[in-house]
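Protein chains: 2
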Amino acid sequence: MILEKQQAKKGIITSAVRSVAKEENIDAEKLAMSIAEGKSVIVKHRDSIKAIGENLTIKVNTNIGTSPDVCDVSFELKKLNRACELKTDTVMDLSTGGNLDTIRKKIVNASSVPVGSVPIYQAVIESIEKHGTIEALKEDDIFDVIERHAKDGVSFVTVHCGVTLSSLDILKKKTRKTGVVSRGGAFIVSWMALTGKENPLYSNFDRLIELARKYDLILSLGDGLRPGCLADATDNLQMSELLTLGRCVEKARDADVQLIIEGPGHVPLNQIVPNVHLAKSICGGAPLYLLGPIVTDIAPGYDHITSAIGGAIAGWAGADFLCYVTPSEHLALPTIEDVEDGVVASRIAAHAADIARGNIQAQKYDESMAQARYKRDWHQQENLSINPFRFKKIRSSQKIVSDEVCNMCGKYCAMRLMDETMKKVGL
Amino acid sequence: MILEKQQAKKGIITSAVRSVAKEENIDAEKLAMSIAEGKSVIVKHRDSIKAIGENLTIKVNTNIGTSPDVCDVSFELKKLNRACELKTDTVMDLSTGGNLDTIRKKIVNASSVPVGSVPIYQAVIESIEKHGTIEALKEDDIFDVIERHAKDGVSFVTVHCGVTLSSLDILKKKTRKTGVVSRGGAFIVSWMALTGKENPLYSNFDRLIELARKYDLILSLGDGLRPGCLADATDNLQMSELLTLGRCVEKARDADVQLIIEGPGHVPLNQIVPNVHLAKSICGGAPLYLLGPIVTDIAPGYDHITSAIGGAIAGWAGADFLCYVTPSEHLALPTIEDVEDGVVASRIAAHAADIARGNIQAQKYDESMAQARYKRDWHQQENLSINPFRFKKIRSSQKIVSDEVCNMCGKYCAMRLMDETMKKVGL
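Sequences listed follow chains W and X, in order. Take 337 as the starting number for the first sequence in our numbering and just add one per residue. Take 337 as the starting number for the second sequence in our numbering and just add one per residue.
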């Protein structure tokens, strides 16, 4: 297989690079160079090609998947479709309930955008199901599951390479308020604690590299030790993991494997910018993929909003890829409506940050909406709005007295009044 | 009447200052000094006393009120109650439909928090209703309406003192994409354009000061020329108005009148911090009251989120008072659910900014939630959450298999797993 990064390094502009460069209105040579340097990645799934990284628009990921208690594949496929309709850039299948192979295949098959996964979930769950314990999990099992995912057409996998025995030593000091909150992180920490062995994704990182090369699989280096509350943010544990990920990036640099770095989590507003800059600096400018950041712990039911705040600031500071968070985070498996709210909130954050980063296309989009609003062209406003379904729903649920205005100000619409006045005084 | 600011200047610690200082866990003398300097204000309504400004927690305002097309007082009173339940700090009655005197009295009477208003609405509407035109409005009418509001117990009024004939000259150049989007601003600009006269709230600012002294009424200097889209942000018109407001602040400095400065509006992420710093610098550090800022124009239906992003950054940068924006902004008069979403989104922004500003109480609140979450104490999480009603609704709508976890991860809950593992290995 000829790897995307290999070709970029040779200065070859692949059709994938050409097409996204055109879509993003950037120079294809520059994009190829950025891919060669590991500062951008190309993620593909059939016809859907996305570039994530330096100078690109910020992308949004949607997590779907079953849980042990709520396991309905058709429900997850509905979420997938809704997320794609609302223009998610990627989806991740985080299923942990039901037949994981079947579910993954169905999601990959149905998805119109690249699919990511977290193979350690399946590896651990199969170990528990077969042998009753996590510690029965063998090193080979982990790599076998990763290969299964790659073969099925998964485009990127989260691998928690930074969770090591030395992390366990720090964890033992119990300085954290909420310990380990990443499911993958908890699986690996538990396995290490129970077996006394080093995390194979770290100790056998070369094998991971080999697998990634074999399938041109993107490795998304997970943050299994991300803070689960504001008080734990930017602590020793989180920073140690980041430094380990930085070493992994160095090791993989010459292997032509595409890498993404995952980041926190729960982070106070004022620590987001330094977190983004640190991650970029430690990891050689690799594309940064953030979950949230959630900027306060007190808003369960609204974590799409706490994340949109954090994501916008992070994106502005340089994050490249935002994982959505839904209103049901910390409470339940999301509903279709939750998925909808989550995707839109993340897209708002990404777009607001794109504008702040000086992306001309993003700015022009807002200017078009401003123009439609000024003209009170409701049809055009609906077409341009981030979720036309929602726009229509709100406007059509209201008594519309005049087609020219909305019923918030009605005949006292400022824009309408200014129009009239200016006409009257001949301006 | 002995004015709150007069007493602060004399070094007298009033009971109002003492009580809010205690509530905010700050020094009463320092708060009094800040009020004397015009950097904080005390807003009162019966037993409800709020301080807004320097070193204080960021406050949230809820707009309610009828429109010409949707005029139902009981509906507005329901919104008021819901906003108060969700801990709004103030409400503003922006009614423009029905009997405005009656509606205002009912709202002031029913409100458990201080009430603000925008008297120019009523002045103009009465002119249109009586005489058929805006230009029939007399200078005295404006001040009469303001006095009526003060007599009824309104605690603060928005007065657009910075919209002047010189603004009209800039407007004539038509450099803006969306012109004037403030209702009050459009009323005053139209009146000036049609009569050729200067804005009385500017030319007769002394009369306004007299009225404010008479009733210890807080003047909230409105931004009638705020940008209505990102492309119009931080432009000549907006900055000219801000400079005029700065001169008003100087003029009022010795009159012992409490002042607030209102700010935009639609502002790109990267222009929010400079906007806050400019407003603070030009207006002598007066408390800054922002609407939004909305960080993208393309999300009608989600402007509570676009505003929460902007509000959090603005609060972090020094804004003191956030006016909520609801999901129906730009589309319709808000429903009860819209009010709920708007209040919570603004409170999230304010709280996230409080934490970033180093407020210890705010940080401790999040630590309590983190602790409850770590213990999987669902009852305590509900109590602590920003909207316990929503928390309960989401959790109770789901199949709960184990009381110990939620159905997002179920038995694979990271925190539960870590507990088990640590116990097993004796840590």
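No lab work stands behind these hints: they were computed from the structure. Honestly, I wouldn't trust all of these hints.
Identical chains blur together in the list; that is why a pair holds if it fits in one copy or across any two.
[To be verified] Here are the simulated lysine-lysine pairs, DSSO-like style, with alpha carbons at most 27 Å apart:
1. LYS375 - LYS735
2. LYS487 - LYS759
3. LYS729 - LYS414
4. LYS508 - LYS747
5. LYS711 - LYS735
6. LYS441 - LYS759
7. LYS510 - LYS711
8. LYS466 - LYS759
9. LYS414 - LYS728
Verification of the hints:
no. : hint            : verdict
1   : LYS375 - LYS735 : neither (51 Å within a copy, 43 Å between copies)
2   : LYS487 - LYS759 : neither (66 Å within a copy, 38 Å between copies)
3   : LYS729 - LYS414 : both (20 Å within a copy, 23 Å between copies)
4   : LYS508 - LYS747 : between (66 Å within a copy, 23 Å between copies)
5   : LYS711 - LYS735 : within (20 Å within a copy, 48 Å between copies)
6   : LYS441 - LYS759 : neither (62 Å within a copy, 37 Å between copies)
7   : LYS510 - LYS711 : between (60 Å within a copy, 15 Å between copies)
8   : LYS466 - LYS759 : between (79 Å within a copy, 23 Å between copies)
9   : LYS414 - LYS728 : both (21 Å within a copy, 25 Å between copies)
In summary, the structure is inconsistent with hints 1, 2 and 6 from the numbered list given earlier, while agreeing with the others.
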